[in-house]
Amino acid sequence: MAIIPTTASGIAAAIASKQISAREVIDSYLAQITARESDIHAFNLVTADAARAHADAIDADIAAGRPIGPLAGVPIAIKDNLCTHGVETTCSSKILEGWKPPYDATVVSRLRDAGAIMVGKTNLDEFAMGSSTENSAFGPTRNPLDTSRVPGGSSGGSAAAVAAGFAPVSLGSDTGGSIRQPAAMCGVVGVKPTYGLVSRYGLCAYASSLDQVGPFATTVADAALITEAIAGHDAMDSTSIPQPAPALVASVSQGVAGMRIGRVTDLPAGAEPEVIARLNEAFATLEAAGATIVDVTLPSLSYALTAYYLIAPAEASSNLARYDGVRYGLRVNAVDTNSMYGATRAAGFGDEVKRRIMLGTYALSAGYYDAYYGKALKVRRLIAEDFERAYAQVEVILTPTSPVVAFPFGDKVDDPMAMYLCDIYTIPTNLAGHPAMSVPFGTGAHGMPVGIQVLAPALGEAPMFRVGGALENAAGGVK
Amino acid sequence: MSPSGTPISAADVAKVARLARLDIDEANVVHFTEQLAKVIGHFSDIDALDLSGVGPMTQPFPLVNVLREDIEQPCLDTDEVLAAAPSSDQRRFRVPPIIGLDD
Amino acid sequence: MTQDPLSSIIATEAQMLEGGWELIVGLEVHVELATKTKLFSGSPNRFGDEPNTNIDPVTLGLPGALPVLNKQAVELAMRIGIALNCSIQPCIFHRKNYFYPDMPKAYQISQYDIPLNIDGFLVLPSGTRIGVERAHLEEDTGKSTHVGGATGRIHGSDYSLIDFNRAGVPLVEIVSRPDIRTSEHAKEYVAELRAILEVIGASDAKMEEGSMRVDANVSVHKPGTLFGTRCEIKNVNSIRALGRAIDYEARRQIDVLDSGGTIRQETRHWDDAEGRTHTLRVKEDADDYRYFPEPDLVPLAPSAEWVQAVRDNLPMLPAARRTALSALTGYDTQSEAVIVVVERGQHDYVQAVVDAGGDAVRALIYVQQGFAEAGPVPTVSAADLAKLTVLERDAKLSATQAKTVLAELVEHGGGDAAAIAAAKGFEAMDTSAVEAMVDEAIAADPGAWAKYMAGDEKASGAIVGRVMKASQGKADGKIVTAIMQSRRG
Chain A
582 MAIIPTTASG
592 IAAAIASKQI
602 SAREVIDSYL
612 AQITARESDI
622 HAFNLVTADA
632 ARAHADAIDA
642 DIAAGRPIGP
652 LAGVPIAIKD
662 NLCTHGVETT
672 CSSKILEGWK
682 PPYDATVVSR
692 LRDAGAIMVG
702 KTNLDEFAMG
712 SSTENSAFGP
722 TRNPLDTSRV
732 PGGSSGGSAA
742 AVAAGFAPVS
752 LGSDTGGSIR
762 QPAAMCGVVG
772 VKPTYGLVSR
782 YGLCAYASSL
792 DQVGPFATTV
802 ADAALITEAI
812 AGHDAMDSTS
822 IPQPAPALVA
832 SVSQGVAGMR
842 IGRVTDLPAG
852 AEPEVIARLN
862 EAFATLEAAG
872 ATIVDVTLPS
882 LSYALTAYYL
892 IAPAEASSNL
902 ARYDGVRYGL
912 RVNAVDTNSM
922 YGATRAAGFG
932 DEVKRRIMLG
942 TYALSAGYYD
952 AYYGKALKVR
962 RLIAEDFERA
972 YAQVEVILTP
982 TSPVVAFPFG
992 DKVDDPMAMY
1002 LCDIYTIPTN
1012 LAGHPAMSVP
1022 FGTGAHGMPV
1032 GIQVLAPALG
1042 EAPMFRVGGA
1052 LENAAGGVK
Chain B
26 MSPSGTPISA
36 ADVAKVARLA
46 RLDIDEANVV
56 HFTEQLAKVI
66 GHFSDIDALD
76 LSGVGPMTQP
86 FPLVNVLRED
96 IEQPCLDTDE
106 VLAAAPSSDQ
116 RRFRVPPIIG
126 LDD
Chain C
7 MTQDPLSSII
17 ATEAQMLEGG
27 WELIVGLEVH
37 VELATKTKLF
47 SGSPNRFGDE
57 PNTNIDPVTL
67 GLPGALPVLN
77 KQAVELAMRI
87 GIALNCSIQP
97 CIFHRKNYFY
107 PDMPKAYQIS
117 QYDIPLNIDG
127 FLVLPSGTRI
137 GVERAHLEED
147 TGKSTHVGGA
157 TGRIHGSDYS
167 LIDFNRAGVP
177 LVEIVSRPDI
187 RTSEHAKEYV
197 AELRAILEVI
207 GASDAKMEEG
217 SMRVDANVSV
227 HKPGTLFGTR
237 CEIKNVNSIR
247 ALGRAIDYEA
257 RRQIDVLDSG
267 GTIRQETRHW
277 DDAEGRTHTL
287 RVKEDADDYR
297 YFPEPDLVPL
307 APSAEWVQAV
317 RDNLPMLPAA
327 RRTALSALTG
337 YDTQSEAVIV
347 VVERGQHDYV
357 QAVVDAGGDA
367 VRALIYVQQG
377 FAEAGPVPTV
387 SAADLAKLTV
397 LERDAKLSAT
407 QAKTVLAELV
417 EHGGGDAAAI
427 AAAKGFEAMD
437 TSAVEAMVDE
447 AIAADPGAWA
457 KYMAGDEKAS
467 GAIVGRVMKA
477 SQGKADGKIV
487 TAIMQSRRG
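Chains as they are written, first to last, in our numbering: chain A, 582 to 1060; chain B, 26 to 128; chain C, 7 to 495.
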């Protein structure tokens, strides 16, 4: 039996050159899912039959000499907040349990057009609200590297699926770090593209002005490959940047010689010492590879958490109002419509979702708007301006992805503020709308992986991938 | 005085839950009030910032005049959509009597 | 023949409220725009289709759906703004959050503090200028049908059924300033607004079908004091109902105030059958819509070139049409004939009749009186009508005969007026024959003649009537009058 490549690019090349069939690839990955999924719970739904049928169709196309897409036969796991036509999409919430969307998200149809094969819908913190995937209504996902620990969140299922070898690549969504933080905790690569680079059409909204879809992968090159496949203008999303998808894979191997890379001197404290040690090693590595390290300041960064936890819940309180039991999803019957609303939403949403809906409703309500939401929008601009000043001096900035490595289950569930602090380094880029990625770089406490975050200005994906590629090359040498 | 950082009361939480159509019993109002008070307490940090002359940022990537042509697109299949509804009747979505709501 | 200028003043006087109260009215008018598709998605904007067929992910508020603004809706909204003398400004959209089963997302995308059109005005045909505060874009809701219960109304119903075909249909909400002082002016405002919306192609503006919905904010106060508490009147489904509702509501508020009561700020429902308003709901502090800028849309900032292009392509507005028709016919711009003909969109037709050699005054009057149901382009050709006007002007037909021929033309959708007149045996009467008939009539009714001689103009009617009867309508009334005047000396 042929050896199955472990990367998306390797699989696509092997299938296109007929060294291996799409069916062999998908069977191999489905076998891995069968072997370990009960321990990990990365998926809300495994679409094995549809995946095999899709693989067979690709093999038939190849046999008949018909043209195939650039990702033909590449298995991919899709976060369960991306709409898939006719395939249950739940956002890991009881309120959407059983809902089969009548349409596909743009990213889903683009991946299918490229020939990628969906293996399943991955678990998440309910409506992407959380940092550990413990907020899923269908039970938590376990970290494949240590199943007593969380995989991070909210895209914990997508991170775990790649880390466990259930798929070479997956899609997540990132509103305040929901791709990068679980990527760091599971030891894989995670990318949040520039706001507007990837269509949000069909992504069940958490916070519209912060949400962005992006990939998980085992290599930086695969992450670039999937970003290329899903990026580019979409007329269905008014906030989509009217530009074609950029070429990114080539950047990964360009090296960092001559690049100016920022070190934030006033980074908010709180990171574990091992995490800071890895960050310093990363700077040393890049400097050795020819980059110049430049000190920058981001004085408003410490206010990002407050701005985020006002803006995101405010938008969420409005975005999640549509789950009212009228047109789809759960309904708890009651004597009148107003009672039906209250009962349905009380039964359908988990506590964290309720907390954020109430927080956001409060921040927008009469008498509080100016003090909370209005002020947060101004802080958001201050943060963006801080970045603007920094990017006048450097091409990218390096920080830790998460202040902590993957923690044990139950560690923070009863303390929302402690959980929110996990996102302290990832939130600022969402507020600014910039791209950022997490690259695995050695390990920290308990031998769990550490992720280094590469931040870049809007549409700075190419320099970001250059630095990501260099970090990946060096990571083999760190502990 | 700016209300940011001032504690949220149980009455505030009950009112907000009503606005958001979330039935929450009294015990849970107390529980949520404690948790939200902790989070909102943290928000007072931005009171230290001088925000005079800073404009609000509502959109991360500045675009303007994104418009579509007035051209019909295919519609969803009514049967498929109604099949996903909790209740339907006469090809319409069915809801309990509409009372207790504004006009 | 022009309208008595006193009549409008008398109408206004009649609205003055006893006890020194003054009426204050502001109108909020929602109009559905005549686009092919919804405001934010591509499903059809079409009335009367099977329920829940004009639906897409955006219309239904499905998870993941995103709005994209319809360019034509913006253009029509700009036409409205320009026609109402508004400034067009860079603007944004807001979300208005509230739960209701016909509002799919539980928020309405609307415009809040920075709307597209601001600070305009509308000059009523009677000359009064009414300020327009704003005219903004927003999306319509779906439609609820209440089933069961005795009345089919919302209260007492067993359940409700929702059709989302109308959800997302583009609306422009036109908000007047509280400049309206009489129910007549309110009616005039809506009639003029409707005429403008039709002329510029923005909306079919049918109140009866709901494509134009009028809410009236009504209050009363004593001049020189602050405005009173206002009530919002909903469910006004015709211009006539608007006048009745305002008059009723003003009377109700005055009765409350005169008996020492106070007015609550509330929304009231007009019941046209009962001829009264009912409390629908009391405005509460709980009305907390939590407006915030819609993050799924980007700002709209029409360029100066775009605004100018819309302005340049705007057709002639009703006021200008009245001025033109007035110049053509010599009738006052405020005369009923001019107002009615412009309202019906038949001004171009009158011009065409004149262009075909017709008499302008007669063309106007024929169209006003004979073409009420004919629409902007009557089936009777301009040339056919022109011939009839000439026959009457040249005294080949009496006014009465001409009216008969006109009815024939309307009935058959045209024809040769001269031939019809001939077939009916109409011919102009010899003046001497008419003189003889006048003398016979005077002889037959000397009492009436004596009164007429004494200066009682009304007494001429009896004489003229006798002549008309004797001539079987063939005598020209104007000639009869002229003969009588010459006899009187």
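FYI, nobody ran anything at the bench for these hints, they're computed from the structure. A quick note: this is a predicted structure, and the numbers were derived from the prediction, not measured. Some hints here could point you the wrong way.
Covered stretches of chain B (in silico footprint by chain C; criterion: 3 or more residues with CB under 8 Å from a CB of chain C, positions within the stretch not fixed) [unchecked claim]:
| # | segment |
| --- | --- |
| 1 | 57-68 |
| 2 | 89-95 |
| 3 | 100-107 |
Glycine is no exception: its CB is placed at the ideal position from the N, C-alpha and C atoms.
TODO: Could you tell me which of the hints above the structure violates, numbers in ascending order?
DONE: 1
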